[in-house]
Structures are given as structure tokens and as C-alpha cells.
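Q: Chains as they are written, first to last, in our numbering: chain A, 1 to 666; chain B, 1 to 150.
Hints are computed from structural coordinates only; laboratory data are not their basis. All of these numbers come straight from a predicted model, not from anything done at the bench. Glycine residues also receive a C-beta, built at the ideal position from the N, C-alpha and C atoms. Heads up, a few of these hints could be off.
Label-pair restraints from in silico Cβ distances [stated by the list, open to error]: (1) Leu639(A) - Ser61(B): 53 to 59 angstroms; (2) Arg49(B) - Gln535(A): 43 to 49 angstroms; (3) Glu267(A) - Ala16(B): 26 to 32 angstroms; (4) Glu38(B) - Leu422(A): 26 to 32 angstroms; (5) Thr2(B) - Val18(A): 51 to 57 angstroms; (6) Ala16(B) - Ile434(A): 24 to 30 angstroms; (7) Ser333(A) - Gln113(B): 43 to 49 angstroms; (8) Thr595(A) - Tyr32(B): 38 to 44 angstroms; (9) Gly48(A) - Tyr32(B): 39 to 45 angstroms; (10) Arg593(A) - Ser61(B): 35 to 41 angstroms; (11) Pro59(B) - Leu322(A): 45 to 51 angstroms.
Stretch-level coverage of chain B by chain A, calculated; a stretch enters the list once three of its residues show a Cβ under 8 angstroms from a Cβ in chain A [stated by the list, open to error]: (12) 32–41; (13) 66–80.
Each chain, letter by letter, is given below.
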Amino acid sequence: MISTLGRFSIWLALAITVYGVFVSVLGARRRRPALIESGQGAVVSVFGLCTFAVLLMEAGLVGHDFSLQYVARNASLDTPLFYTIIALWGALEGSILLWVWLLALMSLLTVIIERKRQGELTPYVTAILLCISAFFLLLVAFPADPFTTVLPAPADGRGPNPLLQNHPLMAVHPPGLYAGYVGWSIPYAFGMAALITGRLGEAWIRTVRRWSIVAWAFLTVGIIVGGRWSYEVLGWGGYWAWDPVENASLLPWLTGTAFLHSIMVQERRKMLKFWNVALIIITFALTIFGTFLTRSGILSSVHAFSDSAVGPLFLAFIGLILLTSFSLLVYRSDKLQAEGDLDSLVSRESTFLVNNLLLLGFAFAVLLGTLFPLLSEAVRGVKVSVGEPFFNTVNVPIGLGLIFLMAVGPLIAWRHASLESLRRTFAGPLCLAILGAGICWLLGVRGLYPLLAFGLSLFAAITVMQEFVRGARTRRRNTGEGYLTALSKLTSRNRRRYGGFIVHLGVTFVVIGITASSVFKLEQEVTLRQGESLQLGRYQVRFDDLSAWQEPQRFVVQGNFTIFNSNHKVAEMRPAKRFYPAEQQPIGTVDVRSTLREDLYLVLSSFAQDGTTATVKALVRPLVMWIWFGGWVMVLGSLIAIWPDRRRAVATDQAREHMAWQPGRS
Amino acid sequence: MTKKTKLLLGGGIVVAALAYLINSGIQEATVYYITPSELKAKGGAVSDRSFRLGGMVVPGSLHWEPQTLKLTFRLTDGKEEVPVEHTGSPPDLFKEGAGAVVEGKCVKGGPFQSSMIMAKHSEEYKPPEKGQTPTEHIHRTLVQPQGTQP
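Same shape as in the complex, but just chain A (with noise of 0.2 angstroms):
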């Protein structure tokens, strides 16, 4: 019955694109905005469609019924009900289902918020989001049907993998990631429009940045969650690992990072529009790619993968986006010429110049170590890894440019900078800078690159601070506000600039904490018999005993250990292995203490079974949870950025109102 009602709702909504990319296209060629309505209509049918198909899902799960083989494969009897629910997103069937319900969902926000706004390009738009989720309906349809039974139905199924129930992170961080990918489709559908209808000017460019400002912050939630999934969940200390899947994640965060800061360059000196089309349509490239990547089985990873049909779909697909993208570019390349021109090399258009320079450079270097051994597999045949060393080696010194850009910037004048102004904005930052720099050496920071991570990421903090506080106090002169009230309006009336800079904050955070953690921790692995204890660092961690019962879904070993700091007793901690009956092996859960100065984190690597003795690894990791807290004040950042704005909406849609187009006049 589910299945049936599954499939059917899946295969009228892709009748349902079809129709709706016609009519739209139709309705725009002969002017009738009774077929542009209809076009619209198809979106608001295929979100309903494709609600009922995830529902039917879920029924599915939560209700048990085995004869979904997906169900079967991912749900069991004694399944906690959240990780039946969440286990939508465990395989690949399920989580192609939550991509086309996203997309969906976005496609529906996207014309009812910009249906009155953007006249002309709107059946377009309409358009370009029905053909992507033609394509992942057809998916659904066909490779990675989730509707899909088997008879006879089990009477049990094998539950979600064990290492997808281990940790509640796994309710948001691929949901999360995949409205970060999903995201970026509309940006794409924008730039595309504006490429057909040949209206480049400047209205699309606006509502795209506002669209790229929230897939940007979704795609920084869903790596940043995913790190501590990563962290917390495989037990090895770590929370990024150059990983294929990881590194495809990365990707579009960089382009779309690239091509949030052209766009302002576009904006402000109407320089870069053909490179900001390209930007776009890569990033959004980069989002299918992603996708590939983690589904087609083609690189190994940490991630699971499957082999299916789906691979050479994704690569037919990124093949012609690429194609028909780049044409439509080169086909409008007259269009968008620049019309300004680049006074001097000091200046802010020349900073952003560089700064796209590095991260492109930074995403290429990403693409061709993940794909290194493919090709030279392929070329040469030999196998060969490309392992953490190259990614350090390339992308640590792009990555402290891109922070002395990121203090720099956003300060430096339009045009042309005199030295003046830079000495009175950066001499003072810059001292101190130095300063913090000189008091990590002194606390025992050596090597080249820990001390300009911390030096840079403290000028760039510094300059972020100094011109908040430069703000506030001008405006506290000038209207006699207190400094907390004209430093809030400040940031409230400025909201693009002001969360802008709390982004950049966030990136310091989270630099300061990759270096931290990464330079300067501790591991200690050892076999403990019952009272005796390592030290590690300031810590004494004690075995006490192990103890071990059965949960219904699974059979828990957990190892007890007291944690002293120089004699005092300041936790216990209860790292675990957890065996589940569908898995030969056991998936270990590891106990982290967080505080802000540094983490301890413990594996029960392995116990003798009569409990005498346990081989704990213990690691002391420094400021990790700035990572974490950073990465949290970069979204924040970010939704400032794109918080309505009631006054500039009004003179906008004033603007708008006057360009609108009127169907029946040319």
C-alpha cells in the first residue's frame, strides 16, 4: 500500500515537472501569465507530492512495515523510535527522498517570496528548479527507488548501521548538509534565468547574494556539525580528515565563499559579472558533484558507500550542467562586460581579486588530491593515497593568506587606499598582533606556521573588534546612546557589513582552535588494571571497573575511569563499547570533557573479559571547543547578514516596482 502510493506520488511528480518546465518556458516565450501561473502551480503540486512520498516514508519506518525494503535494511523492531525516524537520511534511497523534499521545499520559498519581485526572470527560475528536481525525481524514480518491496516481508529488519545510531548529531548534520547543498540550486536558477532572459543587470545579483548567504550558512552547519559527528562519533581524536566526502563538502563552501565576496565587487564597482556567473554555476556544479562523490562508490572513504546505478546518472547530469552553463555564459559573454575599471592594487576590489584567487586555488588543490588517485590510477596505473601531508602542505599557507586578506579587506578603501589611512586603521591591530604573537612564543608556541595562524587570526579579531568599537563610539557622539544600544543599532542599521564581520569573527575562532588542537595535543595509549592510572598532561585518569548490561537494541561494555587534576578529583568519565547484535564488531563511544582551555578525550580501546584490565587511549586536544563555538558565531554572522530589513525593503520594492515587467509590452 505504501509502496504503491509511494511510487505513485513520486511518478506524478515528475509528470508534474515536466509539465510545469513546459508551461513556464511557454508562458514566457508568448507573454501569458496564465501558463506562468500554472508553471508556479506545478511547484506548489510537486512540495505537496513529495511531503505525502517522505510522510508515506516515515509511516513506513516508524510504523515497521518490513516489506519496504528499505525499511527492512534500516529499521528494526528495537530501533529507538528517533533513530527510526532519522534512519530517512541512513541510506542512500532514503536520503535521495530528503534531497527532492528540500529542493522542493526551497522551490516553493522561491516563488512565493520572489514571485511579485523578479518580473521577467521568475518563469524562468520556476523553470530551472522544476528541471533539478525532474532530475532527482528521476532517482527516486528509477536507481534509488525507496519504494521498493520485498517478499516476503522479514519479520524483523536489521536497523539503521550501528555507527548512524550512536550519536543524536545525526538528526541535523546531514539534513543540514543537504539544505546546504540544496541551497545552492537557486542561486543557480537565478544566474541562469538571467543569462536566458539577458537581463544581467543588477536586481537578480541582489536577491542571489541574499539566496547564497543562506546555502552558505546551511553548508557551514552541516560541515561544522559533521566535524563533531566525525569527532565525537569515530573515536579517533580527530574531527576532519581530508576524507572524499569530507573535502566534497568543502568544495562548494569555498567557490560559494569566492562568490560571496565577488558579488560585492560586482555590486559596488560593476567589475567581475562574467566571472560571478561562472562562480555560481561551478559552486552549484560542485553541490551535484558533492553528491556523486558520496553516493557513487567511486573513491574510497569513511563514509559508506554503495554501488548502484546512480554513479553514472550524477556524472551524465554535472555533464550537462556544465555544458549548457558555460555555452549560455559564452553565448552572453557580451553582456557582462565590465564597467568599471581597477584603479590601483591597493585597494579593496584588489584584495577581493586575490582573495578569490586563493580560495579557487585552495578548491583546486582540494579537487585534485580527492581525485589524485582516480587519475592516476587511470594514467598511470598506479594505486596511490593522497594523505593528510598534502593537504596541509598546500593548503596551510593559502589558508593564512586568505586570514591576512580577511583583516585586511574589508577595511582597506574602494579604489585606491592612501598609506595614511592604511596606518591608522592597521598600525594599531597590527602591534598588537605582534604582541600576541611574542606571548605564544613565550607560553612555548614554536614553528613557523602555529605562530602566524595565531598572529594573523588575532589581527584579523583585533581589526573586526576596532572597527566595532570605532562604530559605536561615533555613534554613541553623535546621538548620546549608551554603548550598548549604539552598538546593536549599529549593527542593526549596517546588517550586511556588521554580520559580515561577525562571520570573520567566527573564522578566528575556529582557526585559532584547528591550530590549537591540532599542534599541540596530547595521546597517550596504555593497559590499566583496576586502580591504577596515566598521566597525560595535568590529568591522572584512573580505571576503576568496567560494567557491562543489555539495552533491547544492543549490549553495552562501559569502562569507569576517575579523573584527577593534581589530586583532585574533577570527573568521571564512562567511555563505552557498544556491541549490536546485526554487527560482528563493536562501535566504541568515546566520553569527552570539554572546557574552553581543552578537551580530554577517552577510548576504551579494549578490556580483558573478566574486567581485570582495560586499554584506554587518552587524549588532551587544546581549545577544541572554540571550533565548535566559532563555527556557531559564523552562522550567526551570517543570519544578521540576511535579516529583512523593513526600510531597505521598501525603497527596493520601489525600485523593483519601476522594472518590473508587464506581460504584452516589450
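Following the hints, put chain B in place on chain A, whose structure we already have.
A: Then chain B, alone, in the frame of chain A:
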């Protein structure tokens, strides 16, 4: 110099620096990946650079000494076997009869000295074989003597 040449020059320098970084990174950081047969074909020793060896853990060859953290096992590709030594406990997904990749160095005549073990696992996992409950043994020895459940 005109602005345009300056700009091209600046861009060129950045691109050249990137190319240099990428090239040196690739030179340094690619790790060769071979099978036990290929290792034997090379005479059992590869220079002082570390490489990766992939294969299946030979059933019955796994030995773990918790007091010294010494782990030894043999890897096979179906034709040749290579003994491996590792310091540290086996990763959770590491087991006999399953695939594993180790990274390290190998001196002629000696065992492979592993500095990192990567156990392979996949989303598709098999249920335990008939009549076998993996936790039964641990359950019996660990829980019942203590007789308590928290």
C-alpha cells in the same frame, strides 16, 4: 608598467606560488598503495618511504598483547601473505577475515612495521552467521560473575 600588466604580474605570481605548492605537496605526500603480491615481487622491501599495504587479515593470525600494546597479524591478497606488526590496540572495525589497510615501512626480511591501521567497513553489513551471537561470550564472562546490572 600599465595597470593591466601589474595586475597580470600579481595574478601570475599568486598562480605560480599555488602551482609550486601543489607540485611539492604531491611529490611529498602521495603514498603508494600496494598488495602483498606486489610487495613480494619487489623483493619484500621498499625504500625508506612509507607506503600502504592493503589486504585481508588472515584468519587465525591475529595476536593482541594488551600489556605491551603489541598487535601482530598477517595480511593476504589471496596469493601472498605479509606479517605485520603494530603498536596500539586494534580499531573497532578491525577483525580477522576482513579487509584492512596499513601504512608504514618494511625492511627486507622483517615484518611490515605499521604506524596506522585503517579497517574497511561498508554500509552493507552482514548479520552474524547462524548460531553465532557475537556478544554471548563477553556477556557470559563479564556480566554474570558480577551479576549486577546498573
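Q: Confirm or reject each hint.
A: Going down the list of hints, with the structure as the test:
1. Leu639(A) - Ser61(B): 53 to 59 angstroms: About 56 angstroms separates the Cβ atoms of Leu639(A) and Ser61(B), which means 53 to 59 angstroms holds.
2. Arg49(B) - Gln535(A): 43 to 49 angstroms: 35 angstroms, violated
3. Glu267(A) - Ala16(B): 26 to 32 angstroms: 31 angstroms, holds
4. Glu38(B) - Leu422(A): 26 to 32 angstroms: 58 angstroms, violated
5. Thr2(B) - Val18(A): 51 to 57 angstroms: 53 angstroms, holds
6. Ala16(B) - Ile434(A): 24 to 30 angstroms: 29 angstroms, holds
7. Ser333(A) - Gln113(B): 43 to 49 angstroms: Because 58 angstroms falls outside the window, the suggested range is violated.
8. Thr595(A) - Tyr32(B): 38 to 44 angstroms: 42 angstroms, holds
9. Gly48(A) - Tyr32(B): 39 to 45 angstroms: 54 angstroms, violated
10. Arg593(A) - Ser61(B): 35 to 41 angstroms: Taking Cβ atoms as reference, Arg593(A) and Ser61(B) lie about 38 angstroms apart, which means the hint holds.
11. Pro59(B) - Leu322(A): 45 to 51 angstroms: 48 angstroms, holds
12. 32–41: holds (count 3)
13. 66–80: Held - the segment 66–80 of chain B has 3 residues with a Cβ nearer than 8 angstroms to chain A, which meets the minimum of three.
Violated hints for the displayed structure, listed by number in ascending order: 2, 4, 7 and 9.
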